[in-house]
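As given, the protein sequences belong to chains A and B, one line each in that order.
If you count the first sequence from 1, you need to add 1 to reach this note's numbering.
Under this note's numbering, the residue at position 357 of the second sequence is numbered 339, and the numbers go up by one with no gaps.
Keep in mind that the hints are not guaranteed to be accurate.
To be verified - Computed spacing ranges between beta-carbons, pair by pair:
hint : chain 1 : residue 1 : chain 2 : residue 2 : range
1    : A       : 542       : B       : 188       : 50 to 56 angstroms
2    : A       : 111       : B       : 280       : 34 to 40 angstroms
3    : B       : 499       : A       : 509       : 21 to 27 angstroms
4    : B       : 280       : A       : 85        : 43 to 49 angstroms
5    : A       : 494       : B       : 436       : 40 to 46 angstroms
6    : A       : 445       : B       : 273       : 20 to 26 angstroms
7    : A       : 546       : B       : 199       : 55 to 61 angstroms
8    : B       : 290       : A       : 84        : 37 to 43 angstroms
9    : B       : 259       : A       : 445       : 22 to 28 angstroms
10   : A       : 111       : B       : 279       : 34 to 40 angstroms
11   : A       : 111       : B       : 333       : 44 to 50 angstroms
12   : B       : 273       : A       : 525       : 42 to 48 angstroms
13   : A       : 420       : B       : 497       : 24 to 30 angstroms
14   : B       : 290       : A       : 111       : 21 to 27 angstroms
Stated by the list, open to error - Just so you have them, the derived chain A footprint on chain B, three or more residues with Cβ under 8 angstroms:
hint : segment
15   : 212 to 220
16   : 228 to 235
17   : 268 to 274
18   : 363 to 373
19   : 413 to 424
20   : 445 to 455
21   : 495 to 501
Simulated from the structure, these hints should not be mistaken for lab results.
Don't be surprised by glycine CBs; every beta carbon is placed ideally from N, CA and C.
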Amino acid sequence: MPTISVDKADLWERLGQEFSTEEFDQLLFEYGLELDEDTTAEVEAAIKAGLPAERPQLKIEVPANRYDLVCIEGIARALRIFLQKAEPPQYRLVYPPGGESEILTMTISPEVKKVRPLFACAILRNVKFTPRSYASFIDLQDKLHQNIGRRRQLVSIGTHDLDTLKAPFRYEAQPPKDIKFVPLNKDTAYTAEELMTVYESDKHLSKYLHIIRDSPVYPIIYDSMDRVLSMPPIINSEHSKITLNTRNIFIDVTATDQTKLDIVVNIVATLFSEYCEDPYTIEPVKIILPDGSTRISPDLSERHTTARASYVNSCTGLNLSASEVSTLLQRMALRSTVSPSNPDELLVRIPATRPDIFHECDIMEDAAIAYGFNKLPHKFPATSTVAQPLAISKLSDIVRQEWALAGWVEVLPLILCSHEENFEFLNHVDDAKTAVKIANPKSLEFQVVRTTLLPGLLKTIRENRSHALPIKIFETADVVFKDTSRERQARNVRHAAAVWCNKTAGFEIVHGMLNRAMKMLEIPLIGNTDQKAETGYYIKESTDPVYFPGRAATIYYRPPPAKGGNTSTNIKEGMKTALYAQCDMEIGSLGILHPTVLANFEIGYPCSALEFTLEPFKKNMNKIWTNDD
Amino acid sequence: MAEALQQLVLDTLDARSTIEDTRSLTIPGQSAPATSQEDQITILGALNSLLSREMIVYETHENLSHVLTPEGSQIVELGSHEARVWAALPAKGEGSPITPLQLKKQVGDETAKVGQGRAFKNGWIGKEGDGLVKIVLNIQDATQVDLREIASTGTLNEGEKVLGDLRKRKLIVQRKGQWFTVNKGSNFSTSTAKPETDLTVDMLTSGTWKSSTFKKYNFDAEGVPTTGGALHPLLKVREEIRNIFLEMGFAEMPTSSFVESGFWCFDALFVPQQHPARDLQDTFYLSDPKEALPPEPDYYKRVSTVHEHGGFGSTGYRAPWSHEESSKLLLRTHTTASSAHMLYKLAAKCRGEDVEGDAGEFAHGSSTTGDGPDDGFRPAKLFSIDRVFRNETMDATHLAEFHQVEGVVADRNLTLADLIGFMRVFFKKMGIEKVRFKPAYNPYTEPSLEIFAFHPMLDRWVEVGNSGMFRPEMLEPMGFPKDVRVHGWGLSLERPTMIRYGINNIRTLVGHKVSIEGIENSPAVMF
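Extracted from the complex, chain A is given alone in its bound form:
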């Protein structure tokens, strides 16, 4: 959300009244703006101390979709209308005195398609700037460049002193070596090629060079005497620059996206048309497109749409007539009239300044804002439903509770970790099939999504050196594995893990934790050579480089046979038991951590670890309308 700094005294003057900070905060709050800061106290303190001080500013946060509010002109206009001190303005296109035949033209060359295809422009006549309104005009362009323009990538604006130029104009694209002009705030001419080097070290402009640098042709705007207006989206020319004394302003806008192009040219033109001798008038330009067709720019026409009072009422919980809704909309700068054919329907005219309105629901929201969200009747949805927790949450909570009751402490490390922590530190090799990797981490701590809970537990032990021994910690949470069978190419798996750290390694301690969890889940312990048991778990010695040799085991689980199977009775006993054992699945491991692993995590005491998946123990919950993720 952009924060806009406005001159407090100027704003009070524009609103025709002064507000206390609380009153103004309340007003902004109702409208959906936020007063971030009032610098009055700061300024007064500076003056008292004899320091140089700026005029008191109000810093206001505006919603990211209200481009019409990113300067004092827009905020004051919106609030005046909201306070019913002004009517929504009617923006008008006004042709030159000689009529349509005198309209200035801009010819678009077909070459621009290769780099920055879209163009719009507008002219403001007989403008009178003050130093502050001039600064606001510059600031508005910057705000639009950063927000809707996505740092000039999608849209950029140039403004020129029209009296220094001679129409007709041309928007072309040329090889950079063929472009040469004196850019803004320089006194010598450079080729576009040279400018790319010159601006390389410019803190402000270097950010935008990449947008066109590698293109064989660069966009460039000329007047009839081949004088450059600007080379979008990088820089304007020194020749046509605007000053405080500029009276006639030519605005050029170039873009890669038609919708955003239209929004930007309309916002700049309408917001600053209030400084024209004839306020809210804009002189259009005729654009001649490569195919010979023409269009008039800017297109300030209002969008005509409808909104139903019944819809507004059904969405808000109010009971308003169409004309009451119309009055509310007027305060939000939306003009409307009740349809002559349908008393429920409003014919709404959306001004060019409100591109944020897509749908009837946006109009409904404006009506609700004007009514006051906090004045809506107190209601409660009648929706009647039955509560239900997730199976995995219930299961996880059982293990968490039981382990805490057993005297262990639950910790909550991060899910993202470095590649080293997830693999090398655990003496594991990345097979490139397991872990999900992040393309753009800001720090090495966030390279992969963990596939094991161990790194977080071990880091927690490392950071808790001063804790009395033994340290007994656990976590039950998700790890993520790649899974090419799924739409998202990955799946979360709920793991439970515990680490014991003491002067002796204590394999039997974490082993006991496994037994305890299984006992509470009613999973019987079976022998690791037992082929006959129907279900249960057992552990079997294994080798895993994360563990000390001879002190590592894999945990196996034999799920209960599926209920309702009709073949089992017909199979011979021996066959049947063999089938049981075939279903055994690896669910985790435990062991004494290898001393090299301890060294990697800078832990000076022996540790034993246990980790296994909880997924096979999920209970089937009642189905609601779906039971899978």
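Dock chain B against the given chain A, drawing on the hints supplied.
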């Protein structure tokens, strides 16, 4: 000895009913009354032991006494310096006089120096030629006598003048002393049998509990610290909030997919493809795996069309659509991605699809809310609390991962007033009474509201959550009938937890730098 001394005190009290001055007692095994300070300290130990059993009471008196310095003790043993000098010399005419140099060798430098002067002054010795001789045959060593008296009584009958002189000579120092007056206590008896500290199984078997005396319990001290485990404070708050949802009839949504596609995380929610939230600076994208499998093609088409060209009564964003952007894999930035997926499933019957397991379906929401024919819609109230990821630089209030609490209510003709009313109740259950709602912008809800709560400690309004009604551009492509409205709201789990536990730095709450001891001592949570 200690018990004998206690017995002595009790016996003495039994006989005299009071002991005026404990200095009059003679400690068993000693021959003289306990006048020294050391003896009184020994007696104090016995008194305290008896006091704890309320067998006696005592009063403390303070006095000043004198003790010998090492030099003073040496004088008691060997005589004063002047006496030692006198003793070393021959009597006048009975041998050759001793020179001062010889004297030094005989009695030592210090004694010779101090002793000569005093012996002359006392008229005990005289000069003969270069040497010294005794001039009296008998002497009275007053210093030694005085010091002996002080050593045994701590004071001197002769009085302060002499004591002052001895102090100046650094032979004695003053010391504060104590002595006591003892009387019978409420449990007085002459038996010193140790009181019991605890009731034991032996007492129960033997029945001695009936006759035993028990030591007074110190109710001011803390009990023995428990051993035992602990749950993490953030997850204790999670449980409390989960319970609020369950109490209000919500079903928990599956959220077990940290990895999402641009489609489900943003596009399905009608977040424009050029939205800043989708920037590399804000969202973690994956390098491996990179691309999602395509979603169901008809739905995908409806979503891309409403973005690019509009539809369902909307103009849409009218911006170019990128399939690449849509299929990019990322770590979800909000659990609303999961909610979108759930809502899509909820609308399956509205789309005319068969829902698996229909026969045994558990009626989560009542099916009788519509007036018209059954269009397959069932109301739902859903929630989730799970981790989300933002590509942020970590600081005291931001982590790259945090927990989002999310609630969704879907029903016909829900209103904004219902949402606000519901939020008031929901936050009231979290202990937040004073809330207000600010219109806000969110690409997938309209209206959108930020929820502000008045924080009495900070004395200002703070933002506690976001809410809104999902846009028709999101719901209608899923297949929901037009009159179905869906409320959604979200808040972070960390924020209320930090407020609950008065934590300023999030890194002391989440992550590996959290103190285990802190977890062990985190109080329970009851909103």
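Do the hints match the structure? See the list:
A beta carbon spacing of about 53 angstroms between residue 542 of chain A and residue 188 of chain B agrees with the range 50 to 56 angstroms that was offered as a hint. Residue 111 of chain A and residue 280 of chain B have their C-beta atoms about 38 angstroms apart, which keeps the hinted 34 to 40 angstroms range intact. A beta carbon spacing of about 26 angstroms between residue 499 of chain B and residue 509 of chain A agrees with the range 21 to 27 angstroms that was offered as a hint. Separated by about 48 angstroms at the C-beta atoms, residue 280 of chain B and residue 85 of chain A satisfy the suggested range of 43 to 49 angstroms.
Range check, residue 494 of chain A to residue 436 of chain B: about 42 angstroms between beta-carbon atoms, so the 40 to 46 angstroms window is met. At roughly 25 angstroms, the beta-carbon separation of residue 445 of chain A and residue 273 of chain B lies within the given 20 to 26 angstroms, and the hint holds. Between residue 546 of chain A and residue 199 of chain B the C-beta distance comes to about 56 angstroms, which sits within the given range of 55 to 61 angstroms. For residue 290 of chain B paired with residue 84 of chain A, a C-beta distance near 38 angstroms keeps the hint of 37 to 43 angstroms intact.
Remark: the range hint 22 to 28 angstroms for residue 259 of chain B to residue 445 of chain A is upheld by a beta-carbon distance near 24 angstroms. Range check, residue 111 of chain A to residue 279 of chain B: about 36 angstroms between beta-carbon atoms, so the 34 to 40 angstroms window is met. A hinted range of 44 to 50 angstroms holds for the C-beta pair residue 111 of chain A and residue 333 of chain B, which are about 45 angstroms apart. As the Cβ distance of residue 273 of chain B to residue 525 of chain A is approximately 44 angstroms, the hint placing it in 42 to 48 angstroms holds.
Judged by the Cβ atoms, the range 24 to 30 angstroms given for residue 420 of chain A and residue 497 of chain B holds: they are separated by roughly 27 angstroms. In this structure the hint that residue 290 of chain B and residue 111 of chain A lie 21 to 27 angstroms apart at CB holds, the actual value being about 25 angstroms. Restraint check on the segment 212 to 220 of chain B versus chain A: 5 residues with Cβ-Cβ distances below 8 angstroms, three needed, restraint holds. For the segment 228 to 235 of chain B, the assignment as covered by chain A holds, since 8 residues bring a beta-carbon within under 8 angstroms of that chain's beta-carbons and 3 suffice.
Residue count for the segment 268 to 274 of chain B with a Cβ under 8 angstroms from a Cβ of chain A: 7. That meets the three needed, and the coverage hint holds. Only residues whose C-beta sits within less than 8 angstroms of a C-beta in chain A count toward coverage, and the segment 363 to 373 of chain B has 4 of them, enough to reach three; the restraint holds. Look at the segment 413 to 424 of chain B against chain A: 6 of its residues bring a Cβ nearer than 8 angstroms to a Cβ of that chain, three or more, so the hint holds. Coverage of a stretch by a chain is defined here by at least three residues with a beta carbon nearer than 8 angstroms to that chain's beta carbons; for the segment 445 to 455 of chain B and chain A the count is 4, and the condition holds.
With 6 residues carrying a beta carbon less than 8 angstroms from a beta carbon of chain A, the segment 495 to 501 of chain B meets the three-residue requirement, and the given coverage holds.
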